[in-house]
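Enquirer: FYI, the numbering for the sequence shown is 757 to 874, going by our numbering.
The reader is advised that the hints may include incorrect statements.
As a list, the in silico DMTMM-like pairs of lysine to aspartate or glutamate whose alpha-carbon atoms are at most 25 Å apart [as the list claims (entries may be wrong)]: (1) LYS792 to ASP827; (2) LYS844 to ASP827; (3) LYS810 to ASP827; (4) LYS844 to ASP800; (5) LYS843 to ASP827; (6) LYS843 to ASP800.
Think of the hints as simulated: they come from the structure by calculation, not from any bench. Just so it is clear, the structure is predicted and the values come from calculations on it, not from any experiment.
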Amino acid sequence: MRQSSTISNLGNRRRRREKIEVPAVIPVYYCGNPAKLNTSWSNDNPGRRFFGCKKFGSGFRKPCRFFTWFDPPLTPRSQIVLLGLLKKVRTLDDAMRKERKTWVLVLVFVILLLFFKP
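Please work from the sequences and hints to get the whole structure.
Expert: Okay, structure coming up:
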């Protein structure tokens, strides 16, 4: 595997930005197709990337079940921090979804009041 980096110029500030590691050789599925890099968001492996068959979990009847980890396992501390952040993001997403539903209901109610005056 090789790693490269770029330097981007943002206004007067310069920032070093790491690129995603790209493997020198992309694995090939058992079915002969090149592997797809995915990210796991499970509680056991949050944010950990893996190669898997693109057919797996996408409705195909017989995926080849190719699977191999790309990233090393997370340290216990990293896993705890990442899971805490994911929980906060999910909580905020749920709150935003509920608020959006409330505003849609208010909008529908206002439209009904405006168009159906007695």
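Enquirer: Please go over all the hints and tell whether each is borne out by the structure.
Expert: Cross-check of the supplied hints:
no.: 1; hint: LYS792 to ASP827; result: 14 Å, holds
no.: 2; hint: LYS844 to ASP827; result: 24 Å, holds
no.: 3; hint: LYS810 to ASP827; result: 18 Å, holds
no.: 4; hint: LYS844 to ASP800; result: 17 Å, holds
no.: 5; hint: LYS843 to ASP827; result: 22 Å, holds
no.: 6; hint: LYS843 to ASP800; result: 14 Å, holds
Comparing the model with each numbered hint stated earlier shows that all of them hold.
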